[in-house]
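Chains as they are written, first to last, in the numbering used here: chain A, 592 to 796; chain B, 88 to 499; chain C, 34 to 241; chain D, 12 to 291.
Some hints could be false.
Unchecked claim - Below are the BS3-like pairs computed for lysine-lysine, each with C-alpha atoms no more than 25 angstroms apart in a straight line:
(1) D:Lys126 <-> D:Lys181
(2) B:Lys298 <-> A:Lys654
(3) A:Lys593 <-> C:Lys120
(4) D:Lys96 <-> D:Lys13
(5) C:Lys120 <-> A:Lys647
(6) B:Lys225 <-> D:Lys96
(7) D:Lys53 <-> D:Lys181
(8) D:Lys96 <-> D:Lys181
(9) C:Lys191 <-> B:Lys274
(10) D:Lys53 <-> D:Lys17
(11) D:Lys126 <-> D:Lys175
(12) B:Lys487 <-> C:Lys191
(13) A:Lys652 <-> B:Lys298
(14) D:Lys96 <-> D:Lys126
(15) B:Lys273 <-> C:Lys191
(16) B:Lys298 <-> A:Lys647
FYI, nobody ran anything at the bench for these hints, they're computed from the structure. The model shown is predicted, which means the values in this text are computed figures rather than measured ones.
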Amino acid sequence: MKREIPLLIVGITGFAMLIQYFIPTDWSEFIFTYSQDWVIVIGILALPLGIWSLIKANVLKLKVPDERFYSAVLLAGFLAMLVTGTKRESLEAGSTFMTIFTNVLIPIQATIFSLLAFFIASAAYRAFRARSVLATILLVTALIIMFRFIPLGPISTANLSAVSWILSVPNMAAKRAIMMGIGLGATATAIKIILGIERTYMGHD
Amino acid sequence: MSLISRIIAAVMILACTGGGVLAQTPALETLADTLGPPAPMPPSHVVIKDKTNDAGHGLIITWELSVDDGGGRDNVIMYDIARSNSPDGEFTSRGIVPKGVNEYEDADDQAPTPTSPNPDYMAAGSTWYYRITAISDKQVRSETSDTAMGVTEENLFHWGKLPILVAVVLFTAYILNFIRSARKGKKLYVRPLAGINAVDDAIGRATEMGKPILYILGLGTAGDIATIAGFTILARVARRTAEYQTRVLVPVQDPVVLAVAQETVRTAYLEAGRPEQYNPDNVFYVTALQFPYVAAVNGIMLRERPATNFYMGVFYAESLILAETGNIAGSIQISGTDQVAQLPFFVAATDYTLIGEELYAASAYLSQEPVQLGTLKAQDYLKAIIMIVIILGAIAITGKWTFIREMVTINL
Amino acid sequence: MTTGELILNGIAAFLTLCIFSFLYRDNPFYKFAERLVAGVATGYWTILLYHTNFTDKVIEPIFVYGQWYYIIPSLLGIMMWTRFSRKWSWISRYSIAFYIGISSGVSITVYLYTYLFKQLQATIATPITFDMAGLNMFLIVVAVLSALVYFFFSTPHKGVLGGISKVGIYVIMIGFGAGFGLTVMGRVALLVQRVIFLKDYFVVLFGG
Amino acid sequence: MKILDKIMLIDRRWIYLAIGLAVIIPAIWSFEVPVTVSPEVKRIYDFVDQLEQNDYIFVAVDYDPSSLAELNPMTEAIINQAFAKNLKVVIVTLAQFGPGMVEEITSRLAANHQKIRGVDYCFLGYRPYPAITILAMGVDFRVPFPADYYGTPLDSLPVMQGIKNFGDVKGVIDLTAGNTADFWLIYGNGRYGFPLAIGITGVMSADYYQYLQSGQLFGIIPGVKGAAEYEDLVGFPGRGMEQMAYQVIAHSVIILFIIMSNVAYFATRTKKDKMGGGAL
Numbered sequence: 592m593k594r595e596i597p598l599l600i601v602g603i604t605g606f607a608m609l610i611q612y613f614i615p616t617d618w619s620e621f622i623f624t625y626s627q628d629w630v631i632v633i634g635i636l637a638l639p640l641g642i643w644s645l646i647k648a649n650v651l652k653l654k655v656p657d658e659r660f661y662s663a664v665l666l667a668g669f670l671a672m673l674v675t676g677t678k679r680e681s682l683e684a685g686s687t688f689m690t691i692f693t694n695v696l697i698p699i700q701a702t703i704f705s706l707l708a709f710f711i712a713s714a715a716y717r718a719f720r721a722r723s724v725l726a727t728i729l730l731v732t733a734l735i736i737m738f739r740f741i742p743l744g745p746i747s748t749a750n751l752s753a754v755s756w757i758l759s760v761p762n763m764a765a766k767r768a769i770m771m772g773i774g775l776g777a778t779a780t781a782i783k784i785i786l787g788i789e790r791t792y793m794g795h796d
Numbered sequence: 088m089s090l091i092s093r094i095i096a097a098v099m100i101l102a103c104t105g106g107g108v109l110a111q112t113p114a115l116e117t118l119a120d121t122l123g124p125p126a127p128m129p130p131s132h133v134v135i136k137d138k139t140n141d142a143g144h145g146l147i148i149t150w151e152l153s154v155d156d157g158g159g160r161d162n163v164i165m166y167d168i169a170r171s172n173s174p175d176g177e178f179t180s181r182g183i184v185p186k187g188v189n190e191y192e193d194a195d196d197q198a199p200t201p202t203s204p205n206p207d208y209m210a211a212g213s214t215w216y217y218r219i220t221a222i223s224d225k226q227v228r229s230e231t232s233d234t235a236m237g238v239t240e241e242n243l244f245h246w247g248k249l250p251i252l253v254a255v256v257l258f259t260a261y262i263l264n265f266i267r268s269a270r271k272g273k274k275l276y277v278r279p280l281a282g283i284n285a286v287d288d289a290i291g292r293a294t295e296m297g298k299p300i301l302y303i304l305g306l307g308t309a310g311d312i313a314t315i316a317g318f319t320i321l322a323r324v325a326r327r328t329a330e331y332q333t334r335v336l337v338p339v340q341d342p343v344v345l346a347v348a349q350e351t352v353r354t355a356y357l358e359a360g361r362p363e364q365y366n367p368d369n370v371f372y373v374t375a376l377q378f379p380y381v382a383a384v385n386g387i388m389l390r391e392r393p394a395t396n397f398y399m400g401v402f403y404a405e406s407l408i409l410a411e412t413g414n415i416a417g418s419i420q421i422s423g424t425d426q427v428a429q430l431p432f433f434v435a436a437t438d439y440t441l442i443g444e445e446l447y448a449a450s451a452y453l454s455q456e457p458v459q460l461g462t463l464k465a466q467d468y469l470k471a472i473i474m475i476v477i478i479l480g481a482i483a484i485t486g487k488w489t490f491i492r493e494m495v496t497i498n499l
Numbered sequence: 034m035t036t037g038e039l040i041l042n043g044i045a046a047f048l049t050l051c052i053f054s055f056l057y058r059d060n061p062f063y064k065f066a067e068r069l070v071a072g073v074a075t076g077y078w079t080i081l082l083y084h085t086n087f088t089d090k091v092i093e094p095i096f097v098y099g100q101w102y103y104i105i106p107s108l109l110g111i112m113m114w115t116r117f118s119r120k121w122s123w124i125s126r127y128s129i130a131f132y133i134g135i136s137s138g139v140s141i142t143v144y145l146y147t148y149l150f151k152q153l154q155a156t157i158a159t160p161i162t163f164d165m166a167g168l169n170m171f172l173i174v175v176a177v178l179s180a181l182v183y184f185f186f187s188t189p190h191k192g193v194l195g196g197i198s199k200v201g202i203y204v205i206m207i208g209f210g211a212g213f214g215l216t217v218m219g220r221v222a223l224l225v226q227r228v229i230f231l232k233d234y235f236v237v238l239f240g241g
Numbered sequence: 012m013k014i015l016d017k018i019m020l021i022d023r024r025w026i027y028l029a030i031g032l033a034v035i036i037p038a039i040w041s042f043e044v045p046v047t048v049s050p051e052v053k054r055i056y057d058f059v060d061q062l063e064q065n066d067y068i069f070v071a072v073d074y075d076p077s078s079l080a081e082l083n084p085m086t087e088a089i090i091n092q093a094f095a096k097n098l099k100v101v102i103v104t105l106a107q108f109g110p111g112m113v114e115e116i117t118s119r120l121a122a123n124h125q126k127i128r129g130v131d132y133c134f135l136g137y138r139p140y141p142a143i144t145i146l147a148m149g150v151d152f153r154v155p156f157p158a159d160y161y162g163t164p165l166d167s168l169p170v171m172q173g174i175k176n177f178g179d180v181k182g183v184i185d186l187t188a189g190n191t192a193d194f195w196l197i198y199g200n201g202r203y204g205f206p207l208a209i210g211i212t213g214v215m216s217a218d219y220y221q222y223l224q225s226g227q228l229f230g231i232i233p234g235v236k237g238a239a240e241y242e243d244l245v246g247f248p249g250r251g252m253e254q255m256a257y258q259v260i261a262h263s264v265i266i267l268f269i270i271m272s273n274v275a276y277f278a279t280r281t282k283k284d285k286m287g288g289g290a291l
């Protein structure tokens with residue numbers, strides 16, 4: 592009852608969605624859109640679980656002297672967005688809500704994203720050492736591709752032909768093979784989930 | 088030819104009814120004046136068939152080209168397709184196609200609603216009448232073709248998707264078959280995977296160091312298959328950590344993932360016989376957006392200094408930010424994702440990487456249950472079939488035979 | 034810039050620097066920005082979902098359009114809240130079951146179509162002719178086959194198969210090297226944008 | 012050996028500093044860097060270069076402002092080249108938010124080259140549904156575009172006299188951020204067989220090199236790098252070149268670090284690699 596019926600539900604809904612794909616009628620189309628809405632609605636209504644988890648952890652930390660300030664900042668940021676965002680119009684440009692979005696969220700997000708420029712360099716420094724055949728292949732390919740920016744006269748011209756070949760032949764082949772493997776692996780896992788063979792995610796008592 | 092013209096036709100309908108690509112075509116008035124430029128001969132033999140693989144909202148109209156299209160006076164530049172709901176009713180233009188094309192797909196599946204009535208809607212089982220006119224380069228219209236009739240029909244199976252159905256049935260059959268033979272006790276070999284073998288060592292290391300394990304499920308939802316594979320691996324990891332009494336921290340960014348991850352970890356502690364040691368606060372929600380989530384996880388890595396970081400699931404650009412920060416913190420890192428674009432970064436920056444399909448195989452490996460290992464065998468069989476199709480297909484296409492390629496082509 | 038804009042840009046510039054300070058080491062400024070953004074992002078997400086998806090998929094269907102059948106997913110969503118109670122939390126498994134069942138059923142065909150059939154079809158689309166292009170097509174076929182062999186799990190990678198699988202992992206590594214090398218440009222461009230943002234701000238601030 | 016040991020265990024913050032400087036320095040002092048031209052870019056340049064005065068070239072500007080940073084430099088370089096050679100240019104856009112951008116670029120460049128709208132070039136405008144628009148233009152430009160972007164009927168434009176469809180243009184260059192390249196390949200080159208080249212964003216470029224191999228494209232301009240190359244060839248340095256300074260320095264820094272790392276690695280190889288890391 593606590594585990595068997597949910598597993599049965601997984602099997603039935605999964606099978607229904609699988610069959611739906613092959614039936615082109617309006618009915619079938621409706622089931623598809625409607626079921627996608629189920630997933631969306633469950634996802635939205637589950638949000639209080641996340642918020643509760645976040646609030647609880649940070650309210651508890653308010654008692655820890657070293658953490659107090661930071662948790663207060665987090666809670667203040669959260670509340671500020673809730674208070675300024677109550678009206679539908681607050682999603683339009685110019686509102687306090689969107690001003691915070693533009694001047695706090697956007698710059699921080701963009702800056703974290705840009706940290707990648709530094710990390711891609713340090714990762715290359717550490718990983719691209721010719722200590723094995725595989726590492727050497729990785730290193731040489733990445734170097735050839737990066738060298739396309741370096742102006743070295745005739746060497747560069749030859750290098751650019753190599754770049755174009757690498758991209759269209761081995762790189763393309765690698766991508767395709769990895770994708771086909773993923774296709775098989777994901778399909779097998781999904782079939783196992785529907786058949787109830789893969790059920791770890793469900794937990795039990 | 089026919090596929091292309093179908094696509095043209097489909098797009099033309101949209102263009103003429105909704106977007107109005109060609110709505111600005113100059114008025115195509117007929118020049119009845121016999122002294123004017125000559126009118127082309129009309130197209131003939133109009134045949135109307137149901138559009139297949141649909142819910143009954145479309146018809147395919149074919150005709151024989153006007154004799155002045157590519158021959159005769161050679162003055163046809165396009166055809167106008169007109170429709171009516173009765174043979175004597177008013178015929179209105181549904182679209183045009185360029186010369187040389189003898190097929191048009193007329194479809195409209197926008198059922199009318201109280202707010203948007205749609206008189207052009209083609210209901211399943213409705214009857215329509217068509218006439219085709221050729222138009223010359225001087226905008227002179229031919230006489231109309233004979234009127235032809237067609238009835239829309241609802242189809243119950245999408246034949247264009249047949250190859251996928253065959254693959255599903257074949258795959259399921261193989262999986263069930265290998266599970267059955269595995270249950271009978273047949274021993275199955277699986278080759279070692281470095282990333283899997285490292286899991287136990289990594290947990291042992293955390294125990295020795297007295298530091299926690301950090302388990303990242305990525306940015307996928309609980310419905311993503313890669314995330315579900317991540318849950319299975321999490322269950323194994325959590326079970327070991329329960330046995331060794333090591334903490335496992337799971338920061339997540341989706342509330343449903345939070346619920347499932349908590350349930351997974353709780354069950355793992357239960358199975359390890361230590362339910363009292365399970366702390367639900369170790370699986371916690373951080374925030375929903377990608378980079379704020381990354382910022383928080385980075386902070387955890389540098390402050391908690393986990394002995395081992397796992398990355399299992401769907402990852403985007405954050406893969407390298409996380410992996411490099413984990414490296415700064417001195418953690419051993421094991422990663423696995425089905426995001427092809429992120430694999431290079433995991434391979435470069437983490438100690439072990441499960442590449443694509445290996446992530447899905449990992450749960451079977453870790454369980455060592457014959458039932459799970461059986462599915463790996465099924466995957467290999469499918470892979471062998473794919474390889475045979477590639478070899479035969481490549482040979483066939485070189486000999487200009489397209490039948491193998493067509494066999495694996497999906498016509499949506 | 035007006036004073037207001039100057040202040041707002043100043044906040045953005047300050048937070049940008051807070052995040053960059055992480056490169057040196059973890060510090061209170063980074064921690065401040067990290068927590069602030071976690072709070073703001075959660076608040077933003079909550080409000081966004083409330084005004085968009087929640088209104089469109091729960092409130093309007095049920096209360097405006099009278100689509101009573103939208104009550105079912107809403108009930109399933111509310112059943113997730115039983116997780117607040119240890120005793121009743123098993124009820125949430127019903128919701129999770131629908132969530133995962135629907136997603137898995139849809140995934141099967143999506144993965145087979147995009148990841149398998151489309152790739153398969155692309156691999157056997159072009160004839161192998163006796164020129165450079167044909168040679169490359171031949172090489173692609175061979176490379177795809179050997180990379181697929183690398184993913185065989187149930188056979189030992191020894192002998193001929195071991196050799197092919199080795200070629201396969203080489204091919205895969207070339208792909209990874211190329212992917213890594215190609216990405217550098219985009220990442221540098223992101224950093225350039227932030228640097229130019231800071232430069233423009235300081236130029237205005239100090240009247241450079 | 013001591014120095015090499017230190018290099019092996021270099022504090023990553025030195026790497027960060029180097030990358031930071033590589034980006035900050037060009038932001039303060041802008042300068043030009045030399046570029047080496049790729050064969051696939053050179054072929055497009057040569058193609059346009061060998062055309063005779065008053066030959067027609069067709070340019071499709073199929074991107075929205077979100078990809079403007081990478082693609083505008085290409086569009087400008089190509090139109091600059093065409094105007095400088097006194098070619099006639101026909102321009103279309105299949106991107107919804109393209110027209111304003113195209114209008115701005117063409118009128119600015121036309122003024123620079125003393126070219127007259129309707130006489131030396133024609134901007135057809137925008138139509139949705141790329142497949143049908145391309146097919147219809149293959150019949151006659153006047154089918155989808157009875158009038159140009161400014162509402163003048165094509166028949167009354169001097170530049171459009173005696174030109175009917177793709178058969179009358181020497182080649183088509185598509186500047187795109189994504190899938191419109193597929194439409195041009197299938198419905199354009201595939202059906203009407205005109206020479207086709209594309210300029211495309213860096214991330215998308217890898218997927219299109221296969222069409223170079225198969226001969227369906229005669230050239231590709233990939234990302235900022237390609238744009239800078241084209242600007243270099245045409246001799247009108249612009250935004251592409253500007254962005255190149257950052258890229259060249261940053262790439263050089265990373266390459267230098269990789270080389271250093273390997274030198275140190277081989278020199279100290281007898282010792283255990285203490286840095287760890289890397290799945291290999």
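Cross-check of the supplied hints:
1. D:Lys126 <-> D:Lys181: holds (20 angstroms)
2. B:Lys298 <-> A:Lys654: Roughly 24 angstroms separates the two Cα atoms, so the pair holds.
3. A:Lys593 <-> C:Lys120: It holds: about 12 angstroms lies between the C-alpha atoms, which stays within 25 angstroms.
4. D:Lys96 <-> D:Lys13: Violated. Lys96 (chain D) to Lys13 (chain D) sits at ~61 angstroms, over the 25 angstroms cutoff.
5. C:Lys120 <-> A:Lys647: Cα-Cα ~20 angstroms, so holds.
6. B:Lys225 <-> D:Lys96: Cα-Cα ~35 angstroms, so violated.
7. D:Lys53 <-> D:Lys181: holds (17 angstroms)
8. D:Lys96 <-> D:Lys181: Measuring from Cα to Cα gives roughly 14 angstroms; hence the hint holds.
9. C:Lys191 <-> B:Lys274: Holds, at about 19 angstroms.
10. D:Lys53 <-> D:Lys17: Outside the cut-off at roughly 44 angstroms; violated.
11. D:Lys126 <-> D:Lys175: OK: Lys126 (chain D) and Lys175 (chain D) at ~22 angstroms, within 25 angstroms.
12. B:Lys487 <-> C:Lys191: Not satisfied, since the Cα-Cα distance of roughly 36 angstroms exceeds 25 angstroms.
13. A:Lys652 <-> B:Lys298: The hint holds at about 21 angstroms.
14. D:Lys96 <-> D:Lys126: Holds - the C-alpha atoms of Lys126 (chain D) and Lys96 (chain D) are around 12 angstroms apart, at most 25 angstroms.
15. B:Lys273 <-> C:Lys191: holds (22 angstroms)
16. B:Lys298 <-> A:Lys647: It holds: about 24 angstroms lies between the C-alpha atoms, which stays within 25 angstroms.
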